[in-house]
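Peer 1: So you can see what is in the structure, the chains are spelled out below.
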Amino acid sequence: MSFVKNYIGEVWGAVKSLATGMKLTGQYALRHKKEKITQQYPDNKDTLKLPERFRGEVVLIHDENNEHACTGCTACELACPNGSIKIITKFDLTPEGKKKKAVDTFVYHLDLCTMCNLCIEACPTDAIKMAQTFEHSVTDRNKLIKVLNKPGSKIREGVEEKKSQ
Amino acid sequence: MWSLQNIADKVHDWLYLTFNPTLAMLFEFVIIGALAIGLFAMLGLILIYMERKVSAWMQLRLGPNRVGPKGIFQTMADTLKLIVKEGMTPDGADKLLFHIAPFLVMIVAMVVLAPLMFAKGFQIWDINIGVFFITAVSSISVIGVLMAGWASNNKYSLLGAMRSGAQIVSYELSAGLSILAVIVLTGSLKLSDIIASQENGWWIFKGHLPVWIAFVIFIIAVTAETNRAPFDLAEAESELTAGFHTEYSGMKFALFFLAEYVNIFVVCALGATLFLGGWMPLHFGTNTQFNKVMDYIPSVVWFFGKTFFLIFVIMWFRWTFPRLRIDQLLHLEWKYLLPISMINLLLATLIAIMNWHF
Amino acid sequence: MTEEVVITDQDDLIINVGPQHPSTHGVLHLVITLNGETVKKVEPHLGYIHRSIEKMCESLTYRQFIYTTSRMDYLSSHINNHCCAMCVEKGLQVEVPPRAQVIRVLMDELTRLASHQLWWGALAMDVGALTPFFLAFREREMINDIMEETCGTRLTMNYMVPGGVMADIHPNFQRRVHEFLAHFKRKIDEYDELITDNIIFQNRTKGIGFISKEDAISYGMSGPSARGSGVQCDIRKLYPYEVYDKLQFKEIIESGGDCFARYMVRMKEMKQSMSIVEQLIDNIPEGDFQAKTKNVLKLPKGEFYSRVETARGELGVYIISEGGTTPYRIKFRSPGYSNLSALDHMTRGQKIGDMVAIMGTLDLVIPDIDR
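Protein chains in written order, with my numbering: chain A, 3 to 167; chain B, 905 to 1262; chain C, 126 to 496.
Just so you know, the hints here were simulated from the structure itself, not pulled from any lab data.
No residue lacks a Cβ here, since even glycine has one placed at the ideal position from N, Cα and C.
Mixed in with the good hints there might be a few duds.
Claimed, not checked - Label pairs and their in silico Cβ distance ranges: (1) C/Glu376 with B/Ile1047: 54 to 62 Å; (2) B/Ile976 with C/Lys393: 41 to 49 Å; (3) B/Leu984 with A/Glu69: 37 to 45 Å; (4) A/Lys35 with B/Ile936: 36 to 44 Å; (5) A/Gly28 with C/Glu339: 42 to 50 Å; (6) C/Arg301 with B/Gln1193: 22 to 30 Å; (7) B/Val1073 with C/Gly345: 43 to 51 Å; (8) B/Ile987 with C/Glu339: 36 to 44 Å; (9) B/Val1120 with C/Ser337: 37 to 45 Å; (10) C/Gly449 with A/Gly85: 14 to 22 Å; (11) A/Ala133 with C/Ser337: 36 to 44 Å; (12) A/Ala133 with C/Asn297: 17 to 25 Å; (13) A/Lys35 with C/Glu376: 40 to 48 Å; (14) C/Tyr173 with A/Lys148: 28 to 36 Å.
Claimed, not checked - Keeping only pairs whose Cα atoms sit at most 35 Å apart, straight-line, the calculated DSBU-like set for lysine-lysine is: (15) A/Lys88 with C/Lys417; (16) A/Lys145 with B/Lys989; (17) A/Lys103 with C/Lys312; (18) B/Lys1239 with C/Lys393; (19) C/Lys375 with A/Lys18; (20) C/Lys375 with A/Lys148; (21) A/Lys18 with C/Lys331; (22) C/Lys331 with A/Lys25; (23) C/Lys396 with A/Lys51; (24) C/Lys419 with A/Lys131; (25) C/Lys180 with A/Lys148; (26) C/Lys423 with A/Lys101; (27) C/Lys362 with A/Lys18; (28) C/Lys312 with A/Lys18; (29) A/Lys88 with C/Lys215; (30) C/Lys215 with C/Lys166; (31) A/Lys101 with A/Lys148; (32) C/Lys396 with C/Lys426; (33) C/Lys362 with A/Lys88; (34) B/Lys1239 with A/Lys51; (35) C/Lys423 with A/Lys102; (36) A/Lys38 with C/Lys426; (37) C/Lys362 with C/Lys396; (38) B/Lys974 with A/Lys38; (39) A/Lys152 with C/Lys419; (40) A/Lys36 with C/Lys396.
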């Protein structure tokens, strides 16, 4: 008799455990309108706001006078673990006639970048930062090699002094 | 009142009046064939859309919502994609069997539609062994699955096909026995008789314990027979990638896919017919007011409503449970379902003899 | 550990599972010998995602090499980075400020929670249930959002630097962690309802993939997989680092040795991790988040080793320094590799479906095995 009791108990326990699971999914199916975990991505583009620390790509900060804070010290280039940054420097002539090192082209390989944030940490003048853009897909790989300093931009006054302090 | 029976009768009368009997019968065949293919395609589209939505609701997702309003054309777009896709045949495959298999599975799924009663008096073929016909023909589909698995020349496919063979053959036993419980109470294999016997109450209400047990066993067994999760061992995705249809692509894959859904429809329709009264509206004793309201709903709505409810239950299973292992699957059948359904059949016989049901 | 060597018969069915297979969670290649449905032998083939991280590290400075370890066990990237940072700190003799220590432990435990949640969903998917994956991702998404806000990335953080952490925690951090804890406490019961108590799942895992305590030690298993066999191997308890010795938490040990025991270890570990986060979240000490270090780090000549408990087991980082700015040699002791080596032992005589469940409970991350 105990065999039959065990048998029925087994079947009952099994059915109960299955019913518990079905209750849960059934509840989710019933209130499917309220709870959603997916984002409707291209539709929510306007409201989608990424946190300010999000690492999207490296940008060189330009102000309204088209001036940036990059001195061309190549600290970021040295800090980069995989060679995403290449800074080509030139020598400007200061009004006093002295030669001064300045950035000519700030080349940034987005295709190599791993968003490790080490360049931002290394920059002594806070000239670069991580932007919150994330739609990086392009049809040509060459478009991922970017020049960060805008044409005609120059270094902001007073940055050099601040750095040496 | 508008009903499918009237339309069918009118078409039938008109055909026989206008043409000679042979030609009229030929025309009827053509019409029925077109309707069956149409139903086949519609069911595929609707059920796949339904599965996607049900799964999405249970998984806190939206489901298809881009193609057409609420994504209703998503399945059509997918079908279009599958049609234009190249149908690959692997090297070393048995070409003939490989190409026949999906059609065999599909034809079986279509033939089984014949004795189903879709509405009051609306039936393709009221054969006197209707239930037997359905169980007999639907077991042919395992041959198609085995053919597909063997002919693909792929070890995953072969394993999937072998699993499917073992599974379908053993689960047909308990499915058959649970159907028998209702047959014993009705005393007929004819689907129209079975429905007629439920005029004063569906079997699930008036059949007492044996019919409830038979109903539960029937649902479990047909879930296994149609290779649906948690018994989807034939195509166990995480084990055999796609099981017996691993090597199929394009429209041949789509035929397997469609046949699966039509099979679900057929078994659920059978379940609705046997246990839930087919197209019979819901009646409560002598409460005539309520019964009149229920009668007002067309019988075709009743039939499809019950069928789709059962389909929903089977989908519910799929999106809740983990998969069984092959030996546990056979354990469940031979150690639990078969003995229970055998004892259950005896109980049903006892009730039928003693006339204990209403 | 004496096992007879199975000589493959001619009749045996040899199947290549992977490198592209839904249940290998990556590019693991298993050559399995079958007798019908029964597995006779499993032979893992590695190397499909070998990126030679160890060799790469030899050309990177001590600040730079840490980011590569995020790509090893990508589900516990914080913990990997932590271990590397600790090893460098050992060489530099730098004292990490208490605030940084607490932030590190918090991040580690949140990572462990996220990793276990993903493991739970993936295991459920391996045994055939698809819905749990989405429930697990609902909770994991909250942790990812917290990480995104504080660290800037969601998966490969590189937040730990030698001497502390890269940035201070975000002002919202504590509030959002509280929200997450409140949410997860309500939802963890659903995990049990849906999977743990499910009779099908229990049948799929109980008594499957048994490995004894002795064998687990012999194969060098670690982490939850070994603790399921009763091995006491939690590095957080045995060799406490950072603030773990001041915390109240239990080392979960199950004696079953089967898939279900390994499953239960991880389920209970989630609760322990939650309790650790709860203890620390309101008690983050004030102070610096990073110790002052030189711009160019140079480790003294010698050998340095540090070990942590990742979500998968013991991770060891071994650095040989010649006194320069780059390591002379780096070796990672990854938990996945030794756990994988026990797969053959566990799967002998089981069914194909069991093999998938066993791999699921071993919680393999293939880039961690290959590096």
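Peer 1: If a hint holds in the structure, say so; if it does not, say that too.
Peer 2: Here is how each hint holds up against the structure:
1. In this structure, C/Glu376 and B/Ile1047 meet the distance hint of 54 to 62 Å, their C-beta atoms being roughly 56 Å apart.
2. For the hinted restraint 41 to 49 Å between B/Ile976 and C/Lys393, the CB-CB distance of approximately 45 Å keeps it satisfied.
3. Between B/Leu984 and A/Glu69 the C-beta distance comes to about 56 Å, which lies outside the given range of 37 to 45 Å.
4. Checked against the hint of 36 to 44 Å, the C-beta distance between A/Lys35 and B/Ile936 comes to roughly 41 Å, which is consistent with it.
5. Taking 42 to 50 Å as the suggested C-beta distance range, the pair A/Gly28 and C/Glu339 conforms, at roughly 46 Å.
6. The supplied range of 22 to 30 Å is broken by C/Arg301 and B/Gln1193, whose beta-carbon atoms lie about 57 Å from each other.
7. At roughly 46 Å, the beta-carbon separation of B/Val1073 and C/Gly345 lies within the given 43 to 51 Å, and the hint holds.
8. Checked against the hint of 36 to 44 Å, the pair B/Ile987 and C/Glu339 fails, with Cβ atoms roughly 59 Å apart.
9. Under the hint 37 to 45 Å, the C-beta atoms of B/Val1120 and C/Ser337, about 41 Å apart, fit the expected range.
10. Taken as a hint, the range 14 to 22 Å holds for the pair C/Gly449 and A/Gly85, whose Cβ atoms sit roughly 20 Å apart.
11. For A/Ala133 and C/Ser337, the hinted distance range of 36 to 44 Å is not satisfied, since their beta carbons lie about 54 Å from each other.
12. For the pair A/Ala133 and C/Asn297, the beta carbons lie near 20 Å from each other, so the given range of 17 to 25 Å is met.
13. Take A/Lys35 and C/Glu376: their Cβ atoms lie about 44 Å apart, and the range 40 to 48 Å holds.
14. As the Cβ distance of C/Tyr173 to A/Lys148 is approximately 32 Å, the hint placing it in 28 to 36 Å holds.
15. With a C-alpha separation of about 28 Å, the suggested pairing of A/Lys88 with C/Lys417 holds against the 35 Å cut-off.
16. For the suggested pair A/Lys145 and B/Lys989, the alpha carbons sit about 33 Å apart, so the restraint of at most 35 Å is met.
17. Simply put, A/Lys103 and C/Lys312 have alpha-carbon atoms about 59 Å apart, too far for the 35 Å limit, and the pair is violated.
18. Restraint check for B/Lys1239 and C/Lys393: the C-alpha separation of about 34 Å stays at or below 35 Å, so the hint holds.
19. Simply put, C/Lys375 and A/Lys18 have alpha-carbon atoms about 32 Å apart, close enough for the 35 Å limit, and the pair holds.
20. For the suggested pair C/Lys375 and A/Lys148, the alpha carbons sit about 51 Å apart, so the restraint of at most 35 Å is broken.
21. Proximity of A/Lys18 to C/Lys331 is assessed by CA-CA distance (about 19 Å); at most 35 Å being required, the pair is judged to hold.
22. Proximity of C/Lys331 to A/Lys25 is assessed by CA-CA distance (about 24 Å); at most 35 Å being required, the pair is judged to hold.
23. Only pairs whose Cα atoms come within 35 Å are accepted, and C/Lys396 paired with A/Lys51 is accepted, the gap being roughly 32 Å.
24. Among the hinted pairs, C/Lys419 with A/Lys131 is consistent with the structure: their alpha-carbon atoms are about 22 Å apart, no more than 35 Å.
25. For the hint pairing C/Lys180 with A/Lys148, the CA-to-CA distance comes to about 29 Å; that is within 35 Å, so the pair holds.
26. Between C/Lys423 and A/Lys101 the alpha-carbon distance is near 33 Å, which keeps this suggested pair within the 35 Å criterion.
27. A distance of roughly 39 Å separates the Cα atoms of C/Lys362 and A/Lys18; the hinted pair therefore is violated under the 35 Å criterion.
28. A hinted pair counts as satisfied when its Cα atoms are at most 35 Å apart, and C/Lys312 with A/Lys18 qualifies at roughly 20 Å.
29. Distance check on the hinted pair: A/Lys88 and C/Lys215 sit about 33 Å apart at the alpha-carbon level, within 35 Å; holds.
30. This hinted pair does not check out: C/Lys215 and C/Lys166 have alpha carbons roughly 43 Å apart, beyond 35 Å.
31. Distance check on the hinted pair: A/Lys101 and A/Lys148 sit about 27 Å apart at the alpha-carbon level, within 35 Å; holds.
32. Of the pairs offered as hints, the one joining C/Lys396 and C/Lys426 is violated, with about 42 Å between alpha carbons and a cut-off of 35 Å exceeded.
33. Only pairs whose Cα atoms come within 35 Å are accepted, and C/Lys362 paired with A/Lys88 is rejected, the gap being roughly 46 Å.
34. About 57 Å separates the Cα atoms of B/Lys1239 and A/Lys51, which puts this hinted pair outside 35 Å; it is violated.
35. A C-alpha spacing of about 31 Å is found between C/Lys423 and A/Lys102, which places the hinted pair at or below 35 Å, so the restraint holds.
36. As the CA atoms of A/Lys38 and C/Lys426 are separated by approximately 55 Å, the hinted pair breaks the 35 Å bound.
37. Straight-line distance between C-alpha atoms of C/Lys362 and C/Lys396 comes to about 16 Å, which keeps the hinted pair within the 35 Å bound.
38. The hinted pair formed by B/Lys974 and A/Lys38 meets the criterion: a straight-line CA distance of about 16 Å does not exceed 35 Å.
39. Restraint check: the Cα-Cα separation between A/Lys152 and C/Lys419 comes to about 33 Å, which is no more than 35 Å; the hinted pair holds.
40. Using a Cα cut-off of 35 Å, the hinted pair A/Lys36 and C/Lys396 holds, with the two alpha carbons roughly 28 Å apart.
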